[in-house]
Amino acid sequence: MYGVVDFRGTQPATTGGYPGLLALARQVVGERLLFARRGYPDELRLHLGTAVQGPGPKGRTVARGSYVLGTAASDWTFKVARLGLTLDSGDPSARGAAPLDEARLDELLGSAGGATVAGVEVDAHPFGYALSLAFSDGSVFRVVPTPEEAARPADGPDPAPVPDWELFTPYGRYLRVGPGPTWAYLPSDRPE
Amino acid sequence: MGRKADNQQFRDACNRLGMTPDERAGFSDSVHDLKASGERGTANDRGDFTWDELLAHGRDYLDLVR
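Chains as they are written, first to last, in our numbering: chain A, 12 to 203; chain B, 352 to 417.
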């Protein structure tokens with residue numbers, strides 16, 4: 012028997028199908044980490060694969076990866092082997108870490124690229140699915156879902172639930188995981 | 352607001368403007384670049400953007416990419 016995972020396929024939101032979720036997450040194995048950078052609002056994104064230039068503010072261009080892993084509002088840790096340190100998004104005093112200001116964080120994230128993804132794991136977590144990326148140089152990136160915050164009135168007609176993490180691909184698809192133990196693989200080039 | 356609430360507001364604004372997920376991701380990078388370059392919002396002392404400021408920047412961004 013043979014099988015295929017089609018990166019151009021789609022999967023509506025589901026709470027099952029863990030093998031499919033893992034297979035789709037593993038499409039970044041072999042892709043190079045270009046750089047890590049924070050997006051708005053304070054969301055860490057890993058840019059992998061091939062660099063793509065896109066429009067930015069004030070006539071500038073902004074570089075992005077052909078793959079982009081977004082951490083939404085989840086917690087993350089990033090052991091950067093080449094820099095000999097671990098960065099994380101949580102309370103430093105609770106994690107045995109020293110405080111780090113945003114400017115220094117951005118500087119360190121910007122120099123974290125170069126290694127390739129050697130392995131991907133998705134594992135069950137009390138708040139959903141956690142994701143781990145192991146890199147060829149010994150670096151490890153992990154994103155862990157956080158509990159839902161108290162509900163707030165939506166500013167729009169249909170509040171979009173904040174996922175735990177997202178993986179944008181070069182195939183016009185993105186993997187949306189969470190909140191909770193749900194996931195979907197959807198078109199990224201049309202409004203939801 | 353907490354981190355999730357900030358993220359929720361940003362996604363709500365993107366949905367209000369009819370952005371695709373790709374456009375939302377690009378807009379997130381663009382807004383962060385804007386904030387880092389010194390153009391800060393008025394929502395708080397971190398320079399985050401208000402709902403109206405996000406919508407305005409979003410419209411500018413969509414004019415660039417569409």
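Be aware that a few hints might be false.
Claimed, not checked - Here are some of the chain B residues that sit facing chain A, going by a computed Cβ distance under 8 Å:
| hint | residue |
| --- | --- |
| 1 | Ala-376 |
| 2 | Ser-379 |
| 3 | Lys-386 |
| 4 | Asn-395 |
| 5 | Gly-398 |
| 6 | Asp-399 |
What the hints assert, rightly or not - Quick list of the computed label-pair ranges, beta carbon to beta carbon:
| hint | chain 1 | residue 1 | chain 2 | residue 2 | range |
| --- | --- | --- | --- | --- | --- |
| 7 | A | Gly-41 | B | Arg-410 | 20 to 28 Å |
| 8 | A | Tyr-13 | B | Thr-393 | 36 to 44 Å |
| 9 | A | Asp-200 | B | Gly-389 | 29 to 37 Å |
| 10 | B | Arg-397 | A | Gly-28 | 34 to 42 Å |
Simulated from the structure, these hints should not be mistaken for lab results. All C-beta atoms in this analysis are idealised placements derived from N, C-alpha and C, irrespective of residue type, glycine included.
Each hint, compared with the structure:
Taken as an interface hint, B:Ala-376 checks out: its beta carbon lies about 6 Å from the nearest beta carbon of chain A, inside 8 Å. Interface hint status for B:Ser-379: upheld, as the beta-carbon distance to the closest one in chain A is roughly 4 Å, under 8 Å. Taken as an interface hint, B:Lys-386 checks out: its beta carbon lies about 7 Å from the nearest beta carbon of chain A, inside 8 Å. Interface restraint check: B:Asn-395 against chain A, minimum CB-CB distance 11 Å, threshold 8 Å, status violated.
Proximity of B:Gly-398 to chain A is violated relative to the hint, the smallest CB-CB distance being about 10 Å (cut-off 8 Å). With 8 Å as the threshold, the beta carbon of B:Asp-399 comes within range of chain A, its nearest partner Cβ sitting at about 6 Å, so the hint holds. The hinted window of 20 to 28 Å between A:Gly-41 and B:Arg-410 is violated, with their beta carbons roughly 38 Å apart. For A:Tyr-13 and B:Thr-393, the Cβ-Cβ distance of about 58 Å falls outside the hinted range of 36 to 44 Å, so the restraint is violated.
For the pair A:Asp-200 and B:Gly-389, the beta carbons lie near 32 Å from each other, so the given range of 29 to 37 Å is met. For the pair B:Arg-397 and A:Gly-28, the beta carbons lie near 39 Å from each other, so the given range of 34 to 42 Å is met.
Violation of the numbered hints given earlier is confined to hints 4, 5, 7 and 8; the remaining hints are satisfied by the structure.
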